[in-house]
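2 protein chains.
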Amino acid sequence: MLSRRAGFVSRIATPSSRTALLYPRAPRALGSQSRVSFSNGRLPGNSRRPELARLTALQTSRLPKQWPPILRSVSTKPLPAPTSRVVRFVWRSAAILGIFVAVSGGLLVAFFIYDATTYREDPAVTDIPVSELALNPRRGGPKNLPIADYFVDDDDCSENKAIKHKPKLVILGTGWGSVALLKQLHPGDYHVTVISPSNHFLFTPMLPSATVGTLELRSLVEPIRGIVKRVRGHFLKAMAEDVEFSEKLVEVSAPGPNGEKQHFYVPYDKLVVGVGSVTNPHGVKGLENCHFLKDISDARLIRNSVIRNLETACLPTTSDEERRRLLSFVVSGGGPTGVEFAAELYDMLNEDLCKYFPKLLRNEISVHVIQSRSHILNTYDEALSQYAETRFAHDSVDILTNSRVQEVKPDRILFSQKDEDGKVVTKEIPMGFCLWSTGVSQTDFCKRLAAKFDNQNNRHALETDTHLRLAGAPLGDVYAIGDCATVQNNVSDHIVSFLRTLAWEKGKDPEQMHISYSDWRGVAKRVKQRFPQAADHLRRLDKLFGAYDKDNSGTLDFGELRELLSQIDSKLTSLPATAQRAHQQGQYLGRKFNRIAQAAPGMTLNQVDYGDLDDAVYKAFEYKHLGSLAYIGNAAIFDYNGRGFGGGLLAVYLWRSVYFAQSVSFRTRCLLAMDWSKRALFGRDLMNF
Amino acid sequence: MLSRRAGFVSRIATPSSRTALLYPRAPRALGSQSRVSFSNGRLPGNSRRPELARLTALQTSRLPKQWPPILRSVSTKPLPAPTSRVVRFVWRSAAILGIFVAVSGGLLVAFFIYDATTYREDPAVTDIPVSELALNPRRGGPKNLPIADYFVDDDDCSENKAIKHKPKLVILGTGWGSVALLKQLHPGDYHVTVISPSNHFLFTPMLPSATVGTLELRSLVEPIRGIVKRVRGHFLKAMAEDVEFSEKLVEVSAPGPNGEKQHFYVPYDKLVVGVGSVTNPHGVKGLENCHFLKDISDARLIRNSVIRNLETACLPTTSDEERRRLLSFVVSGGGPTGVEFAAELYDMLNEDLCKYFPKLLRNEISVHVIQSRSHILNTYDEALSQYAETRFAHDSVDILTNSRVQEVKPDRILFSQKDEDGKVVTKEIPMGFCLWSTGVSQTDFCKRLAAKFDNQNNRHALETDTHLRLAGAPLGDVYAIGDCATVQNNVSDHIVSFLRTLAWEKGKDPEQMHISYSDWRGVAKRVKQRFPQAADHLRRLDKLFGAYDKDNSGTLDFGELRELLSQIDSKLTSLPATAQRAHQQGQYLGRKFNRIAQAAPGMTLNQVDYGDLDDAVYKAFEYKHLGSLAYIGNAAIFDYNGRGFGGGLLAVYLWRSVYFAQSVSFRTRCLLAMDWSKRALFGRDLMNF
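Sequence lines, in order, name chains R and Z.
Residue numbers for the first sequence follow full-length UniProt numbering, beginning at 1 and rising by one.
Residue numbers for the second sequence follow full-length UniProt numbering, beginning at 1 and rising by one.
Isolated chain R, as found in the complex (with noise of 0.2 angstroms):
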């Protein structure tokens, strides 16, 4: 009836104008509006739609013209058939898709746009100022080797000036620790030189991943000058040879402008040795014929060879024999390297190679693990391990552990297997391919470092204080992180200087002294402190003290306390020698230097107990375990501290995603997204150069 008068007014009014489109139609809709309104009776709640309608009839009116028609489209354009909902739904997905290409498109334009502007037009060239020095070094030294004490870049710009006569901090080695170090460092502070035969930083828990081609070598390295740029630092690809303690200089050599090996010195007031280790020969013949996986570029030769043995394995002159023997692939150590690799290989051999090779090369296939241990992964808790063998058992990856290599030979790899009752056997077993992960040892380099002090008795590792420092280098001059040091456990022999200021206040010797309870506690919070791993080992301290006061007489003497604190030490485990760890301690040492950088100025005037500087200005270094995980064949295992759980598909997700956030940079993470998008589309290239 309302709607009726409606269009008979307006028809009166103006015919052929608008509002005599207008006006019938507008009531009508209030009618159906009501009348849906009644049937359902919904709350007045939601029951805006008039007003939005009015609304979104203004918004037409005054759309800004500047937007595409799509926008308008998807806000307010009238639908084709509004009868028909799956008319509706595909006008709907049609416009968001379009919002979707726009926009895409648009970032596109955006990025090529930014694009244009990364290219250089005209060659820079201005006039540089170089310090006849850095020119010309002066010579000197026990060997009279040129000195390095400028560099060609140290007046490149204002910053660099800056920090030419700061104190130099001297940091050997682009691994996990020196990087994580110089991460941590605020620019400005030390003049930074990095020394290295390498100019990239290596993700090397990834390494296996390259190794067939999961992932792109240069998605797992990060070139180590742009990690010094940030610290105004200097980087030389050179090698350290040795040190003088004394001069304060580390003698490092480099290939020169003909090839041939040039010395030098390089002065430093603070030197950090972080030059990781080399693999373990555990002196087996034959270590020529294998390859190794410290590299980025042992990834790639691996990666070559694995394919040379593909294709050779094609020839139709390549015997049936022959051909089982060049696809059996040999993994020596059942550590995470080893494991890995065998997983990647696996994953590649079963995914990639059905697709491009003979069928007839999948069958003959084999993939061995030789483990000296009882179980692969040993130092993950007992469960994974097992989850990890069965994995491979179903992948058919032939697992033989109590095994020890005794040499290998160009064609086949001799090895000795304990069986269940002990009894020891020698097999051998014929292959194409050996990697030679089993455990690492110390660089020469480390080495003759060790040899110049009495008090560096490990043989695997150069030993450090908790403080990080080299054990019997001047205090606070040389410090060794990563894979190439260990960290002393020897809580009894500092008892001493433990007991120094209690026996000072008392006024007594500390051997004679008699240490009560309260004093016990004291002593304990010292321990604490300066050994942070060994503070699980002192919760406890009644409990302790009662076991160690053999005489109930209420106080420990200096023999009863001894024989804690050594027990305690027999309690301390050496840290594991993990990326982790070195990431830990480089943190740590940056931490600390800046904390030094800082207080230098104020220090002389500083009361510090036993002029230990770095005691003085910052905590000892504790390691704190994070867990380890381990990828093992579309599937991968997380351990933290005997807590752990294995898992299929989205482990391995959850995998890569602990590393894609552990990655180094943003360019490495886009690479590695990149590469795994690669390795879904396209699978891993088959193809060796």
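You can trust all of the hints, since none of them are fake.
Treat identical chains as interchangeable: a pair holds within one or across any two.
Distance condition first, Cα-Cα at most 20 angstroms in a straight line; then the derived EDC-like pairs of lysine to aspartate or glutamate:
| hint | residue 1 | residue 2 |
| --- | --- | --- |
| 1 | Lys-161 | Glu-132 |
| 2 | Lys-355 | Glu-159 |
| 3 | Lys-161 | Asp-269 |
| 4 | Lys-168 | Asp-149 |
| 5 | Lys-355 | Asp-127 |
| 6 | Lys-624 | Asp-536 |
| 7 | Lys-248 | Asp-269 |
| 8 | Lys-166 | Asp-155 |
| 9 | Lys-409 | Glu-260 |
| 10 | Lys-261 | Glu-321 |
| 11 | Lys-355 | Glu-121 |
| 12 | Lys-229 | Glu-351 |
| 13 | Lys-355 | Asp-156 |
| 14 | Lys-427 | Asp-411 |
| 15 | Lys-355 | Asp-115 |
| 16 | Lys-261 | Asp-320 |
| 17 | Lys-183 | Glu-159 |
| 18 | Lys-619 | Asp-477 |
To be clear, the hints were calculated from the coordinates, so they are not data collected in a lab.
Based on these hints, arrange chain Z on the given structure of chain R.
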């Protein structure tokens, strides 16, 4: 008035129900609308707002629930403040962004789901039938070597079985020609075997970009096995040594299981030689001190040694003079490869070096191009090569024209230069890097083939007829394409065959007969068919006829005709040794082989004149030049038969898109795009390993 009444009515009707809210607003909407309409009196055409108001109202009521709220909001939700344009704009933008993010997120999830499906859980080991002959091939041939009649994957699947006994097509090489042929070939027509020492196809035009890291190595190569798979072919990573034409056997060699070279035969029915070429030493001494740029591994070596030089230049022990030498890069050869390398190298040094290396280096860098001709890029239009030269001059790249390299010493390069007044002076440049890219010459394999036939007189390449058949080899057995081959332009030699039909019709001896103008036109037609390249020179038949009808007899005698044809020969130039030509030849062969396979059954019935199967089923090869282009350092030049243009960044984008389009596979296209983005975001990484 209307609105007021409507409101009044409603208020009476149901004070508290939603209609109470509904009515008083809607009519006001109408009121406002009509007021608007009267004020600006718009045309009825675009006055449909109330209707759409009703529609949108309906929409909201019927909007499917599964749509995310964001979409509902964009479409119809009322705006926070209908008055403010800014608010509306922000609101819209937010909504659009929301849609974009939502869709992107959806796509990402979809990709992950897809990714999850690409991992193969279970080892798929099925029993594969392999014929005894494939495992133990028979011996035979002149050298009594194993003959690979069958392969281990001949029985892999039904498709393979089906083509097991089809005619054997053996393709030597995996370059442009071979790949174009493989992509053109119908699967199932031939038993295809591809033999090459490299298991990848290299996208040669962009190789220079890979030498400095603008592109990554693997973005330029495509696994050949993927391409061969399409035609169910076989690939052998081996090297062609020789061909026994009489017994239809290719002798190939490959490193065996223990690395020693093994020789064997591969039988063929049709053989395609596309082995390419080798670098031309031009008898210059000391090329062992040079780098070459033929294969992808060369690019890797170049990249490494360039960066090695940069690193060495930073050492404090490197003297100023030595530094300048290390940073002097010499390119010998001003062809496209040399020029593009120089351009890429310069870009890298100009754009990325300064970011990470001491500024001093930038000042001491020099790039030299030694060109024997008077201009670089002398195959291009002169204006373009001059454009390129000015471009390089602006980039302070040193172009040395009219210069011939005499000798390359480890630390310097000696060359003789002819100055304006033709005087030749010998100069030398101290250099730390030299690229040798001065044309190509024949491989030993091709030399060996050519030596077998008297009519192979071309020192630089294998001669073929216009059907790309190796001249001298049994007709229809052996074809040669790409850089290793050249097409004969010996029109006059075929004069008899042209006249044969004519002579047969007239029952005369060709040598004696006189050719009228109409006859001549017939002959000319024949010539065009047989030598498509000659068509250009056979446009004005009457003119030619007149010119060579010396005695104005109105007819040509044999001698006059021969003279005419040989004059055409002289005008025909040999085809350029480019990827473009190889590609067209490959496509041509592919199409022809498809035809032959179709025609084969009916062939016996067909009446073919002078039993030339190829000629009968398919036209002769005609090269269509699509122009050439070159990158010259943040600029590019395009040349299409003389008409060409050069330009800056836009031209570079065009240059890229051309190659992007030509790129061999979806995979390589993705990788190229990734690499270009990478360069824009992170620059080229200056690492060598």
